[in-house]
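Number of protein chains: 4
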Amino acid sequence: MTVDLSYSAPVRDLISKTRAFTREHVLPIEDANSGDVTAAGGDELRIALQRAAKEAGVFAPHVPVEFGGHGLGMSDRAPVFEEAGYSLFGPIATNIAAPDEGNVHLLAHVADDAQKREFLAPLAHGEVRSAFAMTEPAPGAGSDPSALRTRAEKVAGGWKINGHKWFITGADGAGFFIVMARTSGEPGDRGGATMFLLPAGAPGLEVGRHIETLDRAMIGGHCEVRFDDVFVPDDAVLGRVDEGFAYAQVRLGPARMTHVMRWLGAARRAHDVAVAHVAGRAGFGSRLGDLGMVQKMVADNEIDIAATRALLVRACWELDRGERASDSTSIAKTFAAEAVGRIVDRSIQMCGGLGVSGDLPLARLSREVRPFRVYDGPSEVHRWSIAKRAVGAAKRAAREGNRHG
Amino acid sequence: MTVDLSYSAPVRDLISKTRAFTREHVLPIEDANSGDVTAAGGDELRIALQRAAKEAGVFAPHVPVEFGGHGLGMSDRAPVFEEAGYSLFGPIATNIAAPDEGNVHLLAHVADDAQKREFLAPLAHGEVRSAFAMTEPAPGAGSDPSALRTRAEKVAGGWKINGHKWFITGADGAGFFIVMARTSGEPGDRGGATMFLLPAGAPGLEVGRHIETLDRAMIGGHCEVRFDDVFVPDDAVLGRVDEGFAYAQVRLGPARMTHVMRWLGAARRAHDVAVAHVAGRAGFGSRLGDLGMVQKMVADNEIDIAATRALLVRACWELDRGERASDSTSIAKTFAAEAVGRIVDRSIQMCGGLGVSGDLPLARLSREVRPFRVYDGPSEVHRWSIAKRAVGAAKRAAREGNRHG
Amino acid sequence: MTVDLSYSAPVRDLISKTRAFTREHVLPIEDANSGDVTAAGGDELRIALQRAAKEAGVFAPHVPVEFGGHGLGMSDRAPVFEEAGYSLFGPIATNIAAPDEGNVHLLAHVADDAQKREFLAPLAHGEVRSAFAMTEPAPGAGSDPSALRTRAEKVAGGWKINGHKWFITGADGAGFFIVMARTSGEPGDRGGATMFLLPAGAPGLEVGRHIETLDRAMIGGHCEVRFDDVFVPDDAVLGRVDEGFAYAQVRLGPARMTHVMRWLGAARRAHDVAVAHVAGRAGFGSRLGDLGMVQKMVADNEIDIAATRALLVRACWELDRGERASDSTSIAKTFAAEAVGRIVDRSIQMCGGLGVSGDLPLARLSREVRPFRVYDGPSEVHRWSIAKRAVGAAKRAAREGNRHG
Amino acid sequence: MTVDLSYSAPVRDLISKTRAFTREHVLPIEDANSGDVTAAGGDELRIALQRAAKEAGVFAPHVPVEFGGHGLGMSDRAPVFEEAGYSLFGPIATNIAAPDEGNVHLLAHVADDAQKREFLAPLAHGEVRSAFAMTEPAPGAGSDPSALRTRAEKVAGGWKINGHKWFITGADGAGFFIVMARTSGEPGDRGGATMFLLPAGAPGLEVGRHIETLDRAMIGGHCEVRFDDVFVPDDAVLGRVDEGFAYAQVRLGPARMTHVMRWLGAARRAHDVAVAHVAGRAGFGSRLGDLGMVQKMVADNEIDIAATRALLVRACWELDRGERASDSTSIAKTFAAEAVGRIVDRSIQMCGGLGVSGDLPLARLSREVRPFRVYDGPSEVHRWSIAKRAVGAAKRAAREGNRHG
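Protein chains in written order, with our numbering: chain E, 1 to 405; chain R, 406 to 810; chain B, 811 to 1215; chain V, 1216 to 1620.
Calculated directly from the structure, the hints in this document are not laboratory data. Misleading hints may appear alongside valid ones.
Calculated lysine-lysine pairs in the BS3-like style (CA-CA distance at most 30 angstroms, straight line) [what the hints assert, rightly or not]: (1) K395(E) with K422(R); (2) K1610(V) with K793(R); (3) K1331(V) with K1232(V); (4) K559(R) with K521(R); (5) K559(R) with K459(R); (6) K1269(V) with K1232(V); (7) K17(E) with K793(R); (8) K1205(B) with K388(E).
So the derived list for chain V, only partly shown, Cβ under 7 angstroms to chain E, looks like this [what the hints assert, rightly or not]: (9) A1353; (10) G1355; (11) D1359; (12) F1382; (13) I1426; (14) T1428; (15) R1496; (16) G1537; (17) E1538; (18) G1567; (19) V1571; (20) S1572; (21) G1573; (22) A1578; (23) P1586; (24) V1589.
Idealized CB from N, CA, C, for every residue including glycine.
Bound-form chain E, shown alone:
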């Protein structure tokens, strides 16, 4: 009748299977390909890995049972996703990689039955990949989604979309897109957006260049995408017209947390590599791992890992209760993104020259995790939101003549 942090037996079983599968089947492939998923085979690799994951019983932990998954809630996803994230390719193998995982979540909550059959089912089974097309180049929707400029105009039987997106993860090779477009109002307005389901290959849809970024472990790149009079029928509207920003929130809170889960796995791997290194290597007359400055780095990694995990537990529990969890997900995401960066950085430092080399996975992990402080809302934007709520509450308390707290 009080706090309980334990997991049920089936979840513990899935954690343990995912752990074994990731380390035995996935990690060697990541390492052999220096973490470059395209070089490793791209979608071909994905299909092979997903087949293996299905056989191992670790595929699609988050997908609703009726679509073939394990149906885990957010709290239960945390340790499972962390295990999958231990390899950069683990999320691909278990079908929990961004953006597909967030899109599954969104479709499960918002799509109608026909849309679920057409889009959610194949995505859940790994038959297709998907993309979420929201971000635009300046002065469009970036950190501030209300700046949205891509427009969908009502035409007979549907809508005509025009606009320019970029940093659209997984766009190259995606089976379909969830497109955010403005159906009313002007850039800067906090409403008026609608989500559309758009199959790849639609006339007027052009997937452009891959924007080169520090990270390499996402299939289908971070692409520029242009919409030139792209027609979508009325039944392509996801949910209701003009409610797109609200649905984006449905997607964003959980998507932030699953990002944290996966990156936490990657950070843990970096830490394990470094600790194994210093446990075995001697220098200055001592084992490196017995030197105080190295011990400080080891301990700080442990603290960062524990704190990230603990914040995740809180945020997931709130989400599972149906709360919006704006504060707890912003806090967990901001802390985690910075903690994960620190962990990988310290891990590199513990390994010295080897740490910055390709002989260990740390250098590539550092490239992978850096963008996490920008993607899904830069730390500054989350801090701004957190502070606005706190200061706003204090103002209200002052107005009400109440003692604040």
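Given the structure of chain E, go ahead and fit chains R, B and V onto it with the hints provided.
Chains R, B and V alone, transformed into the frame defined by chain E:
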């Protein structure tokens, strides 16, 4: 059948009553006396506050029910103690101040029935205060308890204690002492210590000067204590001879966590004061609370508070399950001690000149919390323990030819 | 014909004498009185110490030669003031304490001959102390001086001042005040202020309570001061009417740097105390000073000391060349205030329980230095100024079609 | 007759020419090749750039005048190298890239006349590149040079070298190697090393794989190099036998500082790119550069740049005076390596998604600068040295019964 972070209805009720009691009855007295408990009346104040706490139904949340308390476990203590800690005098009022609270915990676990009647009962009811006499000046037991030099020699019918302790919190006015003395081995040995129960006023026991420290909110000071051929009978041995270090562990893990709970309350108060300030005050053409650099401080405080609380949840849950929880309590204590320092420091900074003045409680809160990074094990010692376990595990894994993780 | 960081022989001699004087004559008095200058005798102590300083040939290093000082420029002051600052009472002894030192600087630059005779001469010789009355309670002049609300109205033969100041350092017992009052415009205007020279005891001038603050080493407190129809004659105007903000700048740049010099001395003392402690004390089987985590703190202190000193060299050189040095003084002040705080904090941590006690000077040094991040412009305000200049320069570069750099 | 931070007219002229040359001729080539010097043409590019630098009068600022350079001392090098470092290819163009620049310095100080003609002259003119072969894989010479295991055995007429080196920068394509080998004693001894001059192509010398590292801007890679009974004649000894560690010190202090100069230029470029971005880009209703959290990052960059430069001034001045400058170079290197990392990281963060993309140079700059905290002595080793000296001085002071300071 998964993670649950909710509290039972009686605990929620106690949280809410403790919150109201602390803010309405205790905080005004702390503020009127600038947080100096001695100036405010010392034990006289304590007795009055404890009477009020009993009337309010918030006295002794941690004390076993058979001794008149609420019998809360560690997990449930966390939010209650945090509310009491919102005022520096709140722990005194609710009888959860250090070192009494830890001594109650220790006696409840280790004392025999007679000892419980003689020592635990009056302590639990607030009739006496107590002290825990372990720390010694260099080269004795400091951060490294194994350096213990105070000795107890077996004599007819009992033991004779000789030694010199310092930083003994609450010694002046304590009704009894729990004394840690070496009964076998030499300084540096990791065993050979025994705990003794010693009533105040015993011949040869001398409570010396109050060591002046940054903090002022503890009754009875941090004193030097000398033992000059102090006799204790055989039945004064707490638990078993030579098992003192093990019992110290029983006390230390939970005592660390209750420290965190109380200081978290203090940090939250600092934050609330600062946020209320910036929510109301204008500068540079904006409300201070709308300036980005202030928002950053507000958000970082919120993050530190949330992370501290989340780590506490984890450690308390482990302790409630009967685990030793060495890692999770060291991690929570280390993170919390530093986070609490940061929170109070940022709160001061947000309030500028007022922040360093006696017109707000922040300056005194900064003095109170600084020692927390030293008391109960300096951060460096905790980091050293955390790292030793992590590196040790990696060495074992390497020896076993296993992949580490 | 290139960079030269050496000092002339007379300056080296003054450095060395100041060092000896501070450590042999001043430090023991500070330590015997726990750094509380009022408890140590206040002005009586000051007079005795200054007599000794004169005998030692270390009095008034900054005062122009014609007023009996050594006439050092900013660059040469740096190492001398640092040595005096090694004791909290050293600046008082050598007559370089705030606010007198800054007022000497201001008067030397702005006062007319009669004013110099009446005000500068006795101040330079230590016959009187002075105060600088600028800061006001909200919503008046705080971090943002343009909010100035104290007014001086033109009346026959002079001016009538009304207003409320606070945090006026040294006000209690000051021989005269330099008062900043608005002679035109409205709060928020960036001009319209005038400085007036006002002898203590003027009718309508009331020095109120000492605002309790963390620091204790300044004679005459940080006081509230009220001006109720205080009359000053026309020749009490310092410099020209409505030019007060410009003169404040003349005073502020150098005053910031001399603050840094003095605090750097205090930080160095904290560091020396801590290093001596860890060099002598054993723990965990090693000398503390040989443990890696302690070594890290020692090294970080050395780095912070070196960087502070190096930034000071730069800023002082610019000031000596007659530059406004807004950037370099803001940078040096901001870095130094934070570095000094870190140094003292690490020094405490290295000494553990002793560090937070009155048995070492560290706890009081921590109280003294905390306000430095607020006084003379909070770090946030300096960062804001630094950033505005940098971003402004980038905007101009963009407008001019130039490549920025 | 006091501190002077100005540069002579010829140096100011060279600064300004180097600035113009780097930005106009070199930067566009770096940007067009994403900073990958091998992709950009390797040595062919180097030769073309160096020809242009000679024409621009900015070639070889550090080379003694008799070998065709500008003959600048360390202090004067600082601003010139910083300007060259503004582009990653700038040091190559001006012939001041590592390891050649350090090797020029070493040869100018230690080589005899014949060696100068044979090795220094062509290196100084850019006719060949060189390598410095010291670092070995564990358990050989890494952060701790005394672990040196490569051996040179005396044979008739010369020496026979056997060993294994790695992370040998520029080895692939180098015209000659300076090889550090043990001529007496055992690994762990602090003496017994000798430097040898070895032309490329010597029998038994094998340049192996390029170790992949985060950085890409160094010609000739970071290679493994093996010595298998490599013969060198007696006159290949650089300086005296068994004095290699001392010469390494001659090289290391200045080489650390020139590294700092170059990386400071790179950091400044990152900062300029970011400030230009936020000065032009709008978000959340403000120009990004006017948002407080962005301003904080801008100001912290400015502070880090100023502090790095100031520490460099100090260390270079000491080196120019002929001091060993162990402390000041360790302090400057440690601070700079971390500051440069922070500057580039904040610059990325200011640019959001663009920051982690290849559309700006920031992502590649982050890869380039990360190893700087490892190369030339990891920060931990420098901190260890700094602390050892400080603690050692305190111990000596205590022994001498002196007051420390």
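Results of checking the hints against the structure:
1. Annotation: proposed proximity of K395(E) to K422(R) holds, straight-line Cα distance about 25 angstroms (limit 30 angstroms).
2. For the proposed pair K1610(V) and K793(R), the alpha carbon gap of about 29 angstroms is at most 30 angstroms, so the pair holds.
3. The suggested pairing of K1331(V) with K1232(V) holds, with an alpha-carbon distance near 29 angstroms, which does not exceed 30 angstroms.
4. Between K559(R) and K521(R) the alpha-carbon distance is near 24 angstroms, which keeps this suggested pair within the 30 angstroms criterion.
5. For the suggested pair K559(R) and K459(R), the alpha carbons sit about 43 angstroms apart, so the restraint of at most 30 angstroms is broken.
6. At most 30 angstroms may separate the alpha-carbon atoms for a hinted pair to count; K1269(V) and K1232(V) meet this at roughly 11 angstroms.
7. Among the hinted pairs, K17(E) with K793(R) is consistent with the structure: their alpha-carbon atoms are about 29 angstroms apart, no more than 30 angstroms.
8. Under the criterion of a C-alpha separation no larger than 30 angstroms, the hint pairing K1205(B) with K388(E) is consistent with the structure, at around 29 angstroms.
9. Evaluation of the A1353(V) hint against chain E yields a held restraint, the C-beta minimum of about 6 angstroms falling below 7 angstroms.
10. Interface restraint check: G1355(V) against chain E, minimum CB-CB distance 11 angstroms, threshold 7 angstroms, status violated.
11. The interface hint given for D1359(V) is met, as the beta carbon of that residue sits about 5 angstroms from the closest beta carbon of chain E, less than 7 angstroms.
12. Annotation: F1382(V) was flagged as interfacial toward chain E, and the flag holds, the nearest CB pair being 5 angstroms apart, inside 7 angstroms.
13. Hint status for I1426(V) relative to chain E: holds, with the closest Cβ pair at about 5 angstroms, below 7 angstroms.
14. A distance limit of 7 angstroms between C-beta atoms decides the matter here; for T1428(V) the minimum to chain E is near 5 angstroms, and the interface restraint holds.
15. For R1496(V), the interface hint holds, since its Cβ comes within 7 angstroms of a Cβ in chain E; the closest pair sits about 6 angstroms apart.
16. Proximity of G1537(V) to chain E is violated relative to the hint, the smallest CB-CB distance being about 29 angstroms (cut-off 7 angstroms).
17. For the restraint placing E1538(V) at the interface with chain E, the shortest Cβ-Cβ distance is roughly 26 angstroms, beyond the 7 angstroms limit, so the hint is violated.
18. Using the Cβ-Cβ criterion of 7 angstroms, the hint placing G1567(V) at the interface with chain E is satisfied: the shortest such distance is roughly 5 angstroms.
19. The restraint placing V1571(V) at the interface with chain E holds, with a minimum CB-CB distance near 4 angstroms, inside the 7 angstroms limit.
20. Given hint, S1572(V) at the interface with chain E, holds; its Cβ is 5 angstroms from that chain's nearest Cβ, closer than 7 angstroms.
21. A least Cβ separation of about 3 angstroms between G1573(V) and chain E falls short of the 7 angstroms threshold, and the interface hint therefore holds.
22. Restraint check, A1578(V) versus chain E: the minimum CB separation of about 5 angstroms is within 7 angstroms; hint holds.
23. Because the beta carbon of P1586(V) sits about 4 angstroms from the nearest beta carbon in chain E, less than 7 angstroms, this interface hint is met.
24. Interface hint at V1589(V): satisfied, since its Cβ lies 5 angstroms from the closest Cβ of chain E, which is below the 7 angstroms cut-off.
Checked against the numbered hints listed earlier, the structure breaks hints 5, 10, 16, 17; every other hint is satisfied.
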